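Engineer: Each protein sequence line maps, in turn, to chains A and B.
Residues 67 to 375, numbered by the numbering used here, are exactly what the first sequence covers, in order.
Residues 1138 to 1718, numbered by the numbering used here, are exactly what the second sequence covers, in order.
Worth flagging that the hints you see were computed from the coordinates, not collected in a lab.
Wrong hints could be hidden among the right ones.
To be verified - In the DSBU-like style, the derived pairs of lysine-lysine whose C-alpha atoms are separated by at most 35 Å in a straight line are:
(1) Lys-1471(B) with Lys-259(A)
(2) Lys-1471(B) with Lys-350(A)
(3) Lys-1506(B) with Lys-1398(B)
(4) Lys-1471(B) with Lys-1401(B)
(5) Lys-1347(B) with Lys-350(A)
(6) Lys-330(A) with Lys-259(A)
(7) Lys-1398(B) with Lys-259(A)
The model shown is predicted, which means the values in this text are computed figures rather than measured ones.
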Amino acid sequence: MSISIEEHDYIGLSEVNMEKKACEVANNNKDLNLKATELRLGLPGSESPEREAVNGGVIKNLVAGAKRGFSDTINGGSGKWVFSVNGGSEVDLVKNGGGLFSCSKVENMNSGLGVGSVKESAVLASPKPVLLEKKVQVSANSSNGQTSAPAPKQQVVGWPPIRSFRKNTMAVSHTKNEEETDGKMGSGCLYVKVSMDGAPYLRKVDLEIYSSYLDLSSALEKMFSCFTIGQYGSHGAPTRDGLSESRLMDLLHGSEYVLTYEDKDGDWMLVGDVPWDMFIRSCKRMRIMKSSDAIGLAPRAMEKCRNRT
Amino acid sequence: MVYSLPEEVLEHVFSFITLDKDRNAVSLVCKSWYEIERWCRRRIFVGNCYAVSPSIMTRRFPEVRSVELKGKPHFADFNLVPEGWGGFACPWISEMSRAYPWLEEIRLKRMVVTDESLELISTSFKNFKVLVLSSCEGFSTDGLAAIAANCRNLRKLDLRESEVMDLSGHWLSHFPNTCTSLESLNIACLGSEVSFSALERLVGRSPNLKILRLNRAVPLEKLSTLLCRAPQLVELGTGAYSSGIRSDVYSSLSKAFLGCKELKGLSGFWDVDPSYLLAFYSVCSRLTSLNLSYATIRSPDITKVISQCPNLQRLWVLDHVEDSGLNAVALSCKDLRELRVFPSDPYIADANVTLTEQGLVSVSEGCPKLQSVLYFCRQMSNSALITIARNRPNLICFRLCVIEPRAPDYLTLEPLDVGFGAIVEHCKELRRLSLSGLLTDRVFEYIGRHAKRLEMLSIAFAGNSDLGLHHVLSGCDGLRKLEIRDCPFGDKALLANVAKLETMRSLWMSSCAVSYGACKFLSQKMPMLNVEVIDENGSLDSRFDSCPVEKLYIYRTVAGPRSDMPGYIRTIDRDRVNTIS
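The shape of chain A in the complex, shown without the other chains (with noise of 0.2 Å):
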């Protein structure tokens, strides 16, 4: 998996060099500032902070945008929220550590800005790193219509509003049904609840947007890699460089840790011994742990994959 050097894991890069960069932006945009959203209220004594909301959304989406390392393909100025494809091969979709954090897509609301905005976010993404590639999904809206089937959404976590429960339950339907059609479409979401041993909470990932187990492991990497090097202390220190990274690899793939997962029936099994699709429609949820503690996992694992085929 191509990893570039320049790549802003999600944590954050050089947040100090986006501080500046967006604050310059924001001085740019300042003549854009509408009057009629000057407010002057306060609390008796306090100043207003300098703060443009206006210009809010836009200066988050280019912080968010190194912290979360991913390009924006923005429909230019239509102020769409859906990801057009641009040219097949090369659309980075995001979908960071399936839905842990909003993946939002701030864009200007106000189309007076449209093309400002596009600009901005243009300049924060090119070197276009690669962060998690997804299978390509064709927005519906592209014109070009290369696919006959309805295509899947971008999903935008937690939207639309409908509960875990009544998601999975309909995943689970779906499944059922996909058995009597050809042709698999993700049926939105799958969430499950990822522990590592030692950390003090887990996270929960969304196994519908990875399409292999590299992509998951890559993920959830980046998601456990500050409970396994140390939570990020100070912002300005880049910790993340090439070997920290490598490091991070080695904890993984090394001897430290396994993956595992455990399946409908209740067994825990060492992740990567079925087939990815059969994977995800059996794994109820995830744990990160000591290989030390995962001896004699992979015997069953493999005895229980001969026994189902």
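Since chain A is already given, all that's left is putting chain B on it; use the hints.
Structural biologist: Using the frame of chain A, we list chain B on its own:
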């Protein structure tokens, strides 16, 4: 000469006053009324478990029989609140086990409950009757086994949509043979099979069982057995509703339904086989509540069922109902109060379903008592919204989700400001509103101006500037809960309406444009508010006040800052005015 009624008389009078806000008013009349009232208050509702501490509650109200608590913010339902945020029931349950030996009812929503807590509940309260765990998590079937085994007088066990660690289905067998008090059992959220014979025996020895909601794992062929054991059921949630084509199953099922003369509500219907739908036709005329929202059956079948239900008050369906089905609702269900239409395929751009705004318009025309709407659709127009508003000024709850964020009026391509404006203008009793579609600051102007009774407002992908938020905060007098995501609202509106925040239960803002500096300011100036800055990715650079905050949760509290915050919630030192290092 001062003459006052004896305490016992006052207490008796107060026993007729049940609403919390009335009770609160009573307690403010004078000191002696405060004292009398607090000793005889039996029900407590805490809308935000961090707004008050368990000991404050037990200290003031010593004789409570029923407690209801809510934990996580509403947006936790949609995975916007990270794991480990909080809402732990444990401290509450520990304190109540110490202070309320006669506690009978516990209702928890969006809280984290452990097996230890369940065990504690089961052993601490001799007269425990009701346990409702709504969208809770953190416990397993072992905890349920403890409840089953130890609560001798259990009447209600309701696990609505909770996430239970399903270790085994044997927990149900822990109900002793002497337990005959069960009135309501809802296990619909459980994944694994419960022991059917235990279930059958339990149902058989519970003559007061009125509500039974089974889980998907209970096969259809067993349903008639249960129904025959409990013909007195008022509400039934089926398990899986398909079984291959078996005429024996069909006939015994339909006979069993015939025997249920009290049945008024039906739900469940997972994996529906349409050929079995006719089996419950005999109860349709009596049905007041029908939940087909997990049933992936198509329009003609749904329409056939609905047309048989003239007394329906509540209907939950999938968008498979289509406009034609909703037309049937408008014609047949004149008593309808609540309609919810869920999307069957929300992640597909063009679903193969003809559900449009017309369906909702028809229902608004045909159903004069309609007061609560939850509607997912793919297109909406201002004219439709205006029509709905004019037809149904008695709406109390209006939640519209146009699936595509920022989708404009599909006819005029304008924002939906005017449409929602009509809703708030005509529906003067509106208490809950969820917005969607393309919306500018104008809609918030309308809301601020008209929605005076509004208590809960949900906003997503809307607005242009802080002015929008300012309209809401300054205009909506009755606002209690405000939740916002992906809107360009920043510091100005918040800081201009600081006092408002203390009159509300809570405010959630995620992916907006609020700065860390504003949060610090709020936190330092407003000691009655907890300002939780959620920084899940560790990307917040606290050295820069202008750094935007990913997620923000502000709520009023008398309990001070909480001590159980996970590491990703940034604590803001209230004593320090300068930047935190």
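Engineer: Now tell me if each hint is right for this structure.
Structural biologist: The hints, checked one at a time:
no.	hint	result
1	Lys-1471(B) with Lys-259(A)	violated, 44 Å
2	Lys-1471(B) with Lys-350(A)	violated, 43 Å
3	Lys-1506(B) with Lys-1398(B)	holds, 26 Å
4	Lys-1471(B) with Lys-1401(B)	holds, 16 Å
5	Lys-1347(B) with Lys-350(A)	holds, 33 Å
6	Lys-330(A) with Lys-259(A)	holds, 14 Å
7	Lys-1398(B) with Lys-259(A)	violated, 43 Å
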